[in-house]
Amino acid sequence: MAPPQSGGGGAAAGDLLETELLAAAASKEDEEAAPAVKATSTSGSPADDERGAGATTSSRVRRGARLAAAQLQEVFLGTRLFPLFSAVPLAVAAQHLRLGRAWVFVFSLIGMAPLAERVSFLSEHIADTAGPTAGGILNATCGNVPELIIALFALHKEKMEILKWSLLGSILSNLLLVLGSSLLCGGLANTGKERPLDRRQADVSIGLLMLGVLCHILTLLSKYSNRTGDIISSSGSVLELSRLSAIVMLTAYFGGLIFQLKTHRQSFEQEDSSESTNTSDDDGSSVIGFTSAVIWLIGMTVLIAVLSNYIITTIEEASESLGIPLRFISIILLPIVGNAAEHAGAIIFAFKNKIDITLGIALGSATQISLLVVPIILIVSWVNGIPMDLDLNLLETGSLVMTVFTTAFTLQDDKWHYLKGFNLTLCYIVIAVCFFTIKALPSKLIE
Numbered sequence: 001m002a003p004p005q006s007g008g009g010g011a012a013a014g015d016l017l018e019t020e021l022l023a024a025a026a027s028k029e030d031e032e033a034a035p036a037v038k039a040t041s042t043s044g045s046p047a048d049d050e051r052g053a054g055a056t057t058s059s060r061v062r063r064g065a066r067l068a069a070a071q072l073q074e075v076f077l078g079t080r081l082f083p084l085f086s087a088v089p090l091a092v093a094a095q096h097l098r099l100g101r102a103w104v105f106v107f108s109l110i111g112m113a114p115l116a117e118r119v120s121f122l123s124e125h126i127a128d129t130a131g132p133t134a135g136g137i138l139n140a141t142c143g144n145v146p147e148l149i150i151a152l153f154a155l156h157k158e159k160m161e162i163l164k165w166s167l168l169g170s171i172l173s174n175l176l177l178v179l180g181s182s183l184l185c186g187g188l189a190n191t192g193k194e195r196p197l198d199r200r201q202a203d204v205s206i207g208l209l210m211l212g213v214l215c216h217i218l219t220l221l222s223k224y225s226n227r228t229g230d231i232i233s234s235s236g237s238v239l240e241l242s243r244l245s246a247i248v249m250l251t252a253y254f255g256g257l258i259f260q261l262k263t264h265r266q267s268f269e270q271e272d273s274s275e276s277t278n279t280s281d282d283d284g285s286s287v288i289g290f291t292s293a294v295i296w297l298i299g300m301t302v303l304i305a306v307l308s309n310y311i312i313t314t315i316e317e318a319s320e321s322l323g324i325p326l327r328f329i330s331i332i333l334l335p336i337v338g339n340a341a342e343h344a345g346a347i348i349f350a351f352k353n354k355i356d357i358t359l360g361i362a363l364g365s366a367t368q369i370s371l372l373v374v375p376i377i378l379i380v381s382w383v384n385g386i387p388m389d390l391d392l393n394l395l396e397t398g399s400l401v402m403t404v405f406t407t408a409f410t411l412q413d414d415k416w417h418y419l420k421g422f423n424l425t426l427c428y429i430v431i432a433v434c435f436f437t438i439k440a441l442p443s444k445l446i447e
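Each residue of the sequence shown is one higher than the one before, counting from 1 in my numbering.
Bear in mind the hints are in silico, worked out from the structure with no lab data behind them.
One thing to keep in mind: the hints can contain errors.
[Said to hold, decoys possible] Straight-line Cα separation of at most 25 angstroms, SDA-like style, residue types lysine to any residue; simulated pairs:
id, residue 1, residue 2
1, Lys-159, Ser-237
2, Lys-159, Val-306
3, Lys-415, Ala-189
4, Lys-223, Phe-422
5, Lys-352, Lys-159
6, Lys-352, Tyr-418
7, Lys-415, Gly-192
8, Lys-193, Lys-420
9, Lys-193, Phe-409
10, Lys-352, Gly-192
11, Lys-223, Leu-211
12, Lys-415, Cys-185
13, Lys-415, Lys-223
14, Lys-352, Phe-422
15, Lys-420, Val-401
16, Lys-159, Gly-236
17, Lys-354, Gly-78
18, Lys-159, Leu-394
19, Lys-193, Leu-419
20, Lys-420, Phe-409
21, Lys-354, Phe-259
[Unchecked claim] Ranges of calculated distance between the beta carbons of each label pair, as one might list FRET restraints:
id, residue 1, residue 2, range
22, Ala-69, Ala-102, 34 to 42 angstroms
23, Arg-98, Lys-262, 17 to 25 angstroms
24, Ala-69, Gly-323, 41 to 49 angstroms
25, Ala-69, Phe-254, 19 to 27 angstroms
26, Arg-80, Asp-414, 30 to 38 angstroms
27, Thr-191, Gly-236, 51 to 59 angstroms
Values in this document were obtained by computation on a predicted structure and should not be read as measured data.
Ideal Cβ placement from N, Cα and C applies to all residues, glycine included.
Could you put together the complete structure from these sequences and hints?
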């Protein structure tokens, strides 16, 4: 449940640099406009006064344009994924020109990667004002925006299988791929110098994930709990159990927030303070302040919503056109794109031997999906009269159970090395191959 810890002072530094940039531009423009103002004051005619006011207005416009250009450069060119931004207009063009559902899906999927990464980048600037732990939770929440938006569009179109698969895939991706590849890369880069794990983060997150797993298992088993063995007759009880479980899961999540942010905040802040001073080195040169970050974040979220709508609309036809199983696209491909920011950040911190932050990224994001996003979607469907439950079917539930238990076993002590990451990554590959090769399950397992 402990999320990635945000670096302290990044947003403040961005606001300061933004102010300095405006001040420097203002002084330069004032020097340029000084002769005109001086001439105006000596002549005193109304026409000259109007020209002086025009010079001041134009200088302000130029200052704003310079700041906007600097922010545009940082937002769009400040990531190594910036070439992928070209896929966003291509997706829109493919949709309106009716170039084919497969092209719309592919361009939308590619365009989601840089947008998700920039959402994480902008959320860091906002989170820096909230303190290490609260800011980290906010950062992880914003990092899950793509998954939440995709899930809401899938719910709106009542594509329940895609909805459940995408949320399941996000949990599997964070626990196995993101955490596994980070431990693998960090272990290889820091062989013999691995810092011990702080188990407080892992204990809180694993405990909450176990609760989520229990809710899914009981929902699956409740279908077979009646005496007649008739699965259909128990569908009403499954739906009722799922909705009540959603309330319990939300209660557990907010209980975890109270634990971290109030009753035991000092323990987590102590751990965070030493890391936060080391993670803000790159924030000092930012021209993005708090207000600007909020505006840019809203803009990126709108673009993500547009592409998410395209993805959900075209995913089934794209699956048929590309010959890729729908289950594989939903569980494997969509979460990899949505978790691009978390994945990159976790590996970077692992390379720097800051493994506790890596744990916060992977476990925090998985916990939020399991105990926050999933219950929210269930409650929204409940309010709108859409019959959605926690039943993931047998194979999907088994994958979730084994993933959480494998992760818990991997983090049972305070030691880590590349072999643990290698094993987690291989587990993810096995699951991916399974969902790619098994295109259809027997009806008895699906029901």
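Structure-based check of each hint:
Under the criterion of a C-alpha separation no larger than 25 angstroms, the hint pairing Lys-159 with Ser-237 is consistent with the structure, at around 21 angstroms. A C-alpha spacing of about 17 angstroms is found between Lys-159 and Val-306, which places the hinted pair at or below 25 angstroms, so the restraint holds. Proposed proximity of Lys-415 and Ala-189 is supported: the alpha carbons are some 15 angstroms apart, at most 25 angstroms. This hinted pair does not check out: Lys-223 and Phe-422 have alpha carbons roughly 37 angstroms apart, beyond 25 angstroms.
A hinted pair counts as satisfied when its Cα atoms are at most 25 angstroms apart, and Lys-352 with Lys-159 does not qualify at roughly 41 angstroms. Our distance criterion of 25 angstroms between C-alpha atoms is met by Lys-352 and Tyr-418, whose separation comes to about 14 angstroms. Distance hint between Lys-415 and Gly-192 is fulfilled; the C-alpha atoms sit about 11 angstroms from each other, no more than 25 angstroms. About 15 angstroms separates the Cα atoms of Lys-193 and Lys-420, which keeps this hinted pair within 25 angstroms; it holds.
Distance restraint check for Lys-193 and Phe-409: the Cα-Cα separation of roughly 22 angstroms lies within the 25 angstroms cut-off, and the hinted pair is therefore satisfied. Proposed proximity of Lys-352 and Gly-192 is supported: the alpha carbons are some 14 angstroms apart, at most 25 angstroms. Annotation: proposed proximity of Lys-223 to Leu-211 holds, straight-line Cα distance about 19 angstroms (limit 25 angstroms). Simply put, Lys-415 and Cys-185 have alpha-carbon atoms about 15 angstroms apart, close enough for the 25 angstroms limit, and the pair holds.
Distance restraint check for Lys-415 and Lys-223: the Cα-Cα separation of roughly 41 angstroms exceeds the 25 angstroms cut-off, and the hinted pair is therefore not satisfied. About 18 angstroms separates the Cα atoms of Lys-352 and Phe-422, which keeps this hinted pair within 25 angstroms; it holds. Restraint check for Lys-420 and Val-401: the C-alpha separation of about 18 angstroms stays at or below 25 angstroms, so the hint holds. Among the hinted pairs, Lys-159 with Gly-236 is consistent with the structure: their alpha-carbon atoms are about 19 angstroms apart, no more than 25 angstroms.
The hinted pair formed by Lys-354 and Gly-78 meets the criterion: a straight-line CA distance of about 23 angstroms does not exceed 25 angstroms. Between Lys-159 and Leu-394 the alpha-carbon distance is near 19 angstroms, which keeps this suggested pair within the 25 angstroms criterion. As the CA atoms of Lys-193 and Leu-419 are separated by approximately 15 angstroms, the hinted pair is consistent with the 25 angstroms bound. At most 25 angstroms may separate the alpha-carbon atoms for a hinted pair to count; Lys-420 and Phe-409 meet this at roughly 10 angstroms.
Taking the CA atoms of Lys-354 and Phe-259, the gap is about 23 angstroms. The hint holds against a cut of 25 angstroms. Separated by about 37 angstroms at the C-beta atoms, Ala-69 and Ala-102 satisfy the suggested range of 34 to 42 angstroms. Look at Arg-98 against Lys-262: about 54 angstroms separates their beta carbons, and that is not inside 17 to 25 angstroms. Here the CB-CB span from Ala-69 to Gly-323 is close to 44 angstroms, well matched to the stated 41 to 49 angstroms.
At about 42 angstroms, the CB distance of Ala-69 to Phe-254 disagrees with the hint of 19 to 27 angstroms. Checking the proposed 30 to 38 angstroms range against Arg-80 and Asp-414 shows it holds: the Cβ atoms sit about 33 angstroms from each other. Distance hint check for Thr-191 and Gly-236: the Cβ-Cβ separation is about 56 angstroms, which falls inside the suggested range of 51 to 59 angstroms.
When held up to the earlier numbered hints, the structure conflicts with 4, 5, 13, 23, 25 and fits the remainder.
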